[in-house]
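Protein sequences, first through last, are from chains A and B.
For the first sequence, our numbering begins at 1 and goes up steadily by one.
For the second sequence, our numbering begins at 1 and goes up steadily by one.
In case anyone wonders, no lab produced these hints; they're calculated from the structure.
Watch out, some of these pointers could steer you wrong.
[Unchecked claim] Pulled a few chain B residues facing chain A out of the computed Cβ check, cut under 7 Å: (1) Glu2; (2) Lys4; (3) Asn9; (4) Val24; (5) Ala46; (6) Lys119; (7) Asn128.
[Unchecked claim] For lysine to aspartate or glutamate, the following EDC-like pairs were computed, each having C-alpha atoms within a straight-line distance of at most 16 Å: (8) Lys119/B with Asp126/A; (9) Lys119/A with Glu7/B; (10) Lys119/B with Glu146/A; (11) Lys119/A with Asp126/B; (12) Lys67/A with Glu2/B; (13) Lys39/A with Glu93/A; (14) Lys67/B with Glu2/A; (15) Lys67/B with Glu7/A; (16) Lys94/A with Glu140/A; (17) Lys67/B with Glu105/B; (18) Lys67/A with Glu146/B.
The C-beta atom is built at its ideal place from N, Cα and C for all residues, glycine as well.
There are 2 protein chains.
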Amino acid sequence: IENKNIEQNMELAMEHNPEAFGTVIMLYINCRVNGHAIKAFVDSGAQATIMSQSAAERCGIMRLVDKRWAGVAKGVGTQKIIGRVHLAQIQIEKDYLSTSFSILEEQPMDMLLGLDMLKRHQCCIDLNRNLLVIGSSGTETPFLSESELPECAKLSSKLID
Amino acid sequence: IENKNIEQNMELAMEHNPEAFGTVIMLYINCRVNGHAIKAFVDSGAQATIMSQSAAERCGIMRLVDKRWAGVAKGVGTQKIIGRVHLAQIQIEKDYLSTSFSILEEQPMDMLLGLDMLKRHQCCIDLNRNLLVIGSSGTETPFLSESELPECAKLSSKLID
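One chain only, chain A, in its complex shape (with noise of 0.2 Å):
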């Protein structure tokens, strides 16, 4: 009987609810880092605003690094934290946002934006009209679609991030 339950179950759940049974295109926004593009991964379930250290090279912000603050990150693994950058400016659009973050030594991701910034700025992550919206301005910045993921996201296939 079990077995004829979790079967039935699964040709309701494949009928009403196909998509679970794909793949889901992770929120990534366009950003800029003193001038230079950035693709950022939108993650409310990270509590820090963190950049690779490749990225924040290709961004010309090393300089700004305090490696007083370095440490060592846990959440996917263990990435060591090679300091902090206290204040910058992301540019969404034509705003100027500023906040904190930590660089990442060997991180596949260029820049994610955590809760930290997010609550900052007052953000929606607006899942209906497939945007991000800057509480603190109006702002709107679309999520990226498929093709325009950047090559970490579309390697990926983490069951949680």
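Knowing the structure of chain A, use the given hints to seat chain B on it.
Relative to the frame of chain A, chain B by itself:
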């Protein structure tokens, strides 16, 4: 000169962005599964919705778990997936929302609402008003305050989630 820059940068940050030096209250909502109260973590950075085995036992839905979908979840370390519930209802306020989710063996959080479920129901994570809006119905539910958070959220001080 570089050290002076970093010092000024930090002083500016402390003045203009003091919350960057505190901790961020993560996003949880109250919901019900099979009539049982659950505090669910809202995570736009997670591809899939999950529930812990202990929560699934408490909610009495272990009989719906399809063990053919067992496997390993990567992300926060590695965790054993016991199986998958193909279709269940999550009650948020007065709404009953259908979703599928995987059951993880050792998972401190009772439940995590991932992007699959958030997109399916066209949710809006509104950090301006501090609430989750269910797009398909317009129902709103507040994010929990610090004192209402589950124990696992209070203990955690991970940088990335």
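message: Hints numbered earlier in the text: which of these fail when held up against the supplied structure?
response: 2, 9, 18
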